[in-house]
Amino acid sequence: MNEAVMDKNAPYVTEDGRQIGGVMMDLRDITLRFGGVEAIKAISFDIREGEIRAIIGPNGAGKSSMLNVISGFYKPQEGEVYFRGQKRPPMKPYQVARQGVARTFQNIALFQGMSVLDNVMTGRMGHIKSNMLAQAIWAGKAQREENENREAVERIIDFLEIQAIRKTPVGRLPYGLKKRVELARALAAEPDLLLLDEPMAGMNVEEKEDMSRFILDVNDEFGTTIALIEHDMGVVMDLSDRVVVMDYGRKIGDGTPDEVRNNQEVIDAYLGVAHD
Amino acid sequence: MTDQNPPEGLVSVPHLLARNVQLYGNKPAYREKEFGIWQSWTWAETADEVEALALGLLDLGVNVGDHVAVIGRNRPALYWSMVAVQSVGAVPVPLYQDAVVEEMTYVLENCGARFAIAGDQEQVDKIIEAQETVHGIDHVIYYDTRGMRKYDHSEITSFTDIQNEGRAAKARLSKELNTRRDALGYDDTCVMLYTSGTTGRPKGVVLSNRNVIETSKNSSEFDHLSAGEETLAYLPMAWVGDFIFSIGQAYWSAFCVNCPESAETMNADLREIGPTYFFAPPAIFEGHLTQVMIRMEDASRFKRWMFSYFMEHAKTVGPRLLDGKPVGFKDRMLHRIGKYMVYGPLKNRLGMSRVRVGYTAGEAIGPELFDFYRSLGINLKQLYGQTEATVFITQQPDGEVRSDTVGVPSPGVELKIADNGEVFYRSPGTFVEYYQNPESTASTKDPEGWVATGDAGFIEETSGHLRIIDRIKDVSKMADGSMFAPKYIENKLKFYPNILEAVVFGASRDRCTAFINIDLTAVGNWAERNNIAYSSYQELSQHPQVLDTVLAHVNAVNESVSQDEMLAACQIHRFLVLHKELDADDGEMTRTRKVRRAVIAEKFNDLIDALYDGSDTIYTETEVTYEDGRKGKIKATLDIRDATVIAKTQVAA
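So the protein lines, in turn, are chains A and B.
Here the first sequence stands for residues 1 to 276, where the numbers follow the numbering used here.
Here the second sequence stands for residues 277 to 929, where the numbers follow the numbering used here.
Mixed in with the good hints there might be a few duds.
As the list claims (entries may be wrong) - Taking lysine-lysine pairs in the DSSO-like style, the calculated list, with each CA pair at most 30 Å apart, reads:
1) Lys208/A with Lys615/B
2) Lys909/B with Lys167/A
3) Lys909/B with Lys208/A
4) Lys87/A with Lys41/A
5) Lys208/A with Lys309/B
6) Lys208/A with Lys856/B
7) Lys579/B with Lys208/A
8) Lys911/B with Lys178/A
9) Lys907/B with Lys208/A
10) Lys615/B with Lys579/B
Said to hold, decoys possible - These stretches of chain B come out as covered by chain A in the derived footprint (C-beta under 8 Å, 3 or more residues):
11) 310-323
12) 420-431
13) 765-776
Stated by the list, open to error - Label pairs and their computed distance ranges (CB to CB):
14) Arg144/A with Arg425/B: 26 to 34 Å
15) Ala139/A with Pro673/B: 24 to 32 Å
16) Gly908/B with Gly85/A: 27 to 35 Å
17) Val13/A with Asn881/B: 54 to 62 Å
18) Ser130/A with Thr436/B: 51 to 59 Å
Calculated from the structure, these hints are not laboratory results.
The structure presented is a predicted model; accordingly, all values stated were derived computationally and were not measured.
Every residue gets a Cβ at the ideal spot worked out from N, C-alpha and C, and that includes glycine.
Chain B with its partners taken away, still in its complex shape (with noise of 0.2 Å):
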């Protein structure tokens, strides 16, 4: 494993991009939509953008070994940038783009960055900022040169001039920039990438080419990525998996990335790229749900009649149809009337008409939801990973695709179940270290490579597909001894358009309760149809009627897990609906969307305490952070409702 050689002699980023320039030269690498066009870079234009900013950034004085954050939304030049800082040697650690100056501090130091290169004045700002406690950054580099102007330009240069500088010094620096390109080695460092951390402070997930090569070639065979794949690139670029796909697996596999005009154009120019690779944690594909129900919902009755009728039929068929399993004469032609009444142009509403591989990741995702898509006849599959493995532990085959397993082991994934149910991973994917903090690493990984992932599963017998319960520190006992997984039921909870996030109490505890967050957007939607008047977030959220929904959601959910021996107990008994949303700018949830169990049991404390008391109503006060870094606060009282649950010996009989 860790002593096999690189393929074809290809043992770092750069060098992949030296070979695309040779066998895919005028083949589109990069599309931006700027000034409402599509702006393209072939594979040999991109060489020569990268080679231009190398030689800036050597004329800069970059060292072999530095560390050089990039920071900002997804853009070709940002893209670029990492695979220039690569080849002068230097380690790229990409940064969360909406992180507050407090977390971007925090990494910046903990990386030790002597660079920065920034998306636009606002992460300059962040940097600018940063710096008061951060003095190890020498230079900083901005793409956007809007509002820039009126900087003091002696520690801070733009993109362009960089390049046009490095471009001036061709000559004289391009010997260099040959020797350290030729330098790289398999092993060396090839990325850092910070993990989110639902506990505690991030750490530096340090990935070698080797993990990043091997990985990409081994995930592009099993889903036979070819050059012709098109993708969006819209996740941020700080994460493991946008890095994997949007460089790893396209710098591998020769294929086209595209970044969208900006974040509210997204869903537009996913439509206009008609991706065939595409990539989404289950949040997106809920908001797209979302947005398909709320407009079906506005729509005439005959085209609400019909949307019912055909997507039932596609349940039934549609999966069927994607696993290649038989399916009668007449559901077959219903299903291909269905294909040009309902599901063609609603894929291709989606953006979705070519999707050939379609992952969702990072959360487990509501079945309902699951089959939503792939009963469209999008193939739609899991993954599941983590920074650490590069990504990819395991994932689902084509034609094996079901909503409740991830799959089978990547290809050179070995796993194994520790005999508490921890999940265990070892492969060539598996990540060096964490950045200046060997205890951490030796806790997670042991000295024969095999690493935690602190989620709980189990190996099912009949398919070899892993099954993940939850986290292995999330899921315990309830007071009388049965088993309590929140995720399960939050997931659950989730699936109906009225709900964004659920967060389920009940460790340790006699019953189950539940905070619950409505969305915005389906439930705006709703109170505008119904006259039902609100001015605030707060407001709407305490609309008795809103309560009712919610009420309704929760006891069909309970109905659904009291079916569930093993969960029975878990049925929610009552349960508020927060006043405000869980975001990441308060640390309630990580950048990923991914709920702080501990933060919010803290943080709301008085409301737990009023969910096990018994009192219908409370008074609370809440600190909340605005986008600009300002604290406020805000004050509500929140009813509790009660939910029914259904008895444990009544699905027993």
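Isolated chain A, as found in the complex (with noise of 0.2 Å):
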């Protein structure tokens, strides 16, 4: 088991009155190879329902390894993944999707040639049952379908405010915008938890700003989960209840900001101090 740093089981309301539940994911003791490099080392953490998580570290440190894992895009040597109380057996990633995670990625990996629209009803690739002939002659069940997905990327496109860009190909987007729509599609496959890596690299304060609101916005209105790597320790600190620390795929901190900040390990390993 790993190391809790609380009572795990003991839901609990936060500061600003959001509800805190149990655990939704347990990672126990993943390690992760890559030929003989090492990427992550026998780490353990989980993450509770409702709650914003967040995963910093230095460059190298493994944390998109670590959302890959979580994402099944990577599958661990060792080590087991809890998801709801039970053992996730090795899954394909949409597999994965299907049980409630979306994601979204450091480098953009949207459709550069589609509208912002039709990108973010991408994402409800999950809630379509009809079968592609009845999609293909547009029967009944799969356009009633449609105007149901269509809508409900409506409300998605109406609550993080990108309503002007709704028929703009992405490719003409700028760079925050391509974020903000890359997180729309996310939200589109109403997942229970939420993915988002590096969500904020490259933005200016102002962009920052906007999307931490989001991020906030999300969680609350929607109860999503969500777990983040970001860069920007300033913006970790204010958003997330918990924090984990990766450094050269070791864990060497875990628990709430404040708890992080002051923990030596981690001042060392942003400050810099030599390893052996």
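Got two chains here, separate frames each, mind docking them using the hints?
This is the structure in structure tokens:
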């Protein structure tokens, strides 16, 4: 078992009135190797229902690899992933997605030539039940389904305030907006767990503030659990309920922002201390 | 005049609503784009929504004569709010949604609002902050529920909840509602609007039902507005124009008011709706023209040639066709071709294909700008008005449209020009009073009902049209006694897409100088095409090539001004390009984007001194207010350029 920082099974209410439930995802002794390189070394931590969980660490610490393990893209050589109390067998990413996990990417993976609306619609893939033939001939059920999906997408477009670019091809958008569209697509899947890989990388202060507000709003309005990787310490400390700190594939800290901030090992990792 | 009876017993807006339900029950009254689809409400549905809210307000304890603040972007729900408030005998006070907390605090305090209806969380937050000093507010109602869940709901309720409570209490309260609605009188207050105030604190202008209904009736008849019109409501709800167009005239004529999805989608929504009756201040038309010009510069050579060829033709023929004057066969045919190739698609692009009556007001419009739209075949007209007149003082009848006049007196309006040139009017729309401010009321409106406009003008003898020269306090003399009318020059400068704003100085001076604001859209686009890198507005504004371009514009204006004998002395000798955009948040402009000269002169007095003392550069620090209310300082060294002035003697020769 991992070194739990608080009683796992006790739900609590945060200062700003959000419900934090029990453990949603539990990662136990995860080790991931690429050939001889150990990207992740026996890391354990959990993500609780309704919380905003940050994974931070210097470049190459293994943060993105960790996220890829959660999303099912990488299969760890050792360790187990428990999702909602059940041990998760090795799964394809789409199967993980069906379980209610959606993600965004560090280097934006949208369809550049498609409109914002179409891109966000692709996020609804998992919600389409009618078969290909019905869709091709636009039969009753497929039509109804598309209308429902379009409505769900429009609510997200409204929520993220991107109405003005609804019909704009993604390739023509500035970087900050593309990030928002990616978030929209992830939200369109109506995930229970949302994984954000550096949602604020390369943004200016104003864009970061906007994005932070959207992340908080998503968590608040939809009750979505969020796990995010971020470099900007200020943002992380303000946003998240709990933080995991990684360095060279190891976990060096885990706890509330305040606990992590005062952890000597974390300070060393960020300020730079000679490694042996 | 004041003893006129209400037409057909229609004494208030709620009464007009009841009539519209009878006559046009199934016709759309409101549309709003939401979730990508135009949602619509018929007059019958509107009456239902308004009634539910009015009952809810009764349940909440709104009394006759209470003031209820309404704040938010143009949405049907907020228009219903105003009518619901009127239905229970209270007075709606729409506030500017982009007002910062201090401005809002002042107005809420001044009108003594007991209730506030806010569009969304942002406005609710501002009201809550204002409540630190304003203690009169009992309850806040919000429409958009987003982000509101965690708020303490003891004194805050959502719009739908109020409506639901109202519907539930219908049996109990509908009698009271009917009594209150029936008790509404023709001389009761219809609405209270705060003037943006180029000088001093905003004042609450009290308009009666008589003011609003008579004015709406007269102006609707003037332009033959019918129930078939479509308008887009996008101008601030706190502005008298929006109140008259989107409530007064809309309820009188029973036409449909369309609300855009968001401020950013305005242009796309305009295109989708294709309004038949359209109103915009010159800044909007300028913005559209700038965008067209930018896109044309990026277009292929052939398109550019076609555009300039047909626009040139339209300039000579278009306005004459619009006024029904004779045009030769060849010109007519060429215009027809141009319509298919250029004018039609362009009008469609601008969302003005269906515009039957278009108005511009608020500021004088540059003649070149005005002619551009007229030559496209858009029936753009000018009107002259103010809050105190319930908008209309003069307007241009179809077929008598010119860029240099503001038209003939509107129906029911009397005009007179004082000895000093100031324009006075008297009309059924003349406001009742400034709220709790008898001194200001007395100094503006005399016992006979004549109101001073504060504008200098004269009536052209040949046409009977009014011509406005400038604000009476701005028109002054230069040191040598020649006339100085800054706005005239500024408007000429502002016609150039690169120039967003200009402020000309010269009163009691020996020569004129100017501050220029560049238009970031236009100049930014130019910089991109010419591979000019810049990191900020400030840096771009001081780029030598930008200064050269502005210099060329100033020289061109000087040349044109030198042709005018009266104003030849107003040519600009020296100018600088400001390092920041003039902004209402910094108090440099009003919320309706009118320049506040006194504030600017005081704030930038170091820059003005530099314009006159002959120095080539000037270092300055300026305080700026960010959108969230924080303040900061920007520092800059500005270049000052000399413009070419054409000597007076040369003109006389």
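Now the hints, each set against the structure:
no.: 1; hint: Lys208/A with Lys615/B; in the structure: 47 Å, violated
no.: 2; hint: Lys909/B with Lys167/A; in the structure: 39 Å, violated
no.: 3; hint: Lys909/B with Lys208/A; in the structure: 22 Å, holds
no.: 4; hint: Lys87/A with Lys41/A; in the structure: 20 Å, holds
no.: 5; hint: Lys208/A with Lys309/B; in the structure: 29 Å, holds
no.: 6; hint: Lys208/A with Lys856/B; in the structure: 24 Å, holds
no.: 7; hint: Lys579/B with Lys208/A; in the structure: 41 Å, violated
no.: 8; hint: Lys911/B with Lys178/A; in the structure: 33 Å, violated
no.: 9; hint: Lys907/B with Lys208/A; in the structure: 20 Å, holds
no.: 10; hint: Lys615/B with Lys579/B; in the structure: 14 Å, holds
no.: 11; hint: 310-323; in the structure: holds (count 4)
no.: 12; hint: 420-431; in the structure: holds (count 4)
no.: 13; hint: 765-776; in the structure: violated (count 0)
no.: 14; hint: Arg144/A with Arg425/B: 26 to 34 Å; in the structure: 31 Å, holds
no.: 15; hint: Ala139/A with Pro673/B: 24 to 32 Å; in the structure: 58 Å, violated
no.: 16; hint: Gly908/B with Gly85/A: 27 to 35 Å; in the structure: 52 Å, violated
no.: 17; hint: Val13/A with Asn881/B: 54 to 62 Å; in the structure: 56 Å, holds
no.: 18; hint: Ser130/A with Thr436/B: 51 to 59 Å; in the structure: 33 Å, violated
Violated hints, listed in ascending order, are 1, 2, 7, 8, 13, 15, 16, 18; each of the other numbered hints is respected by the structure.
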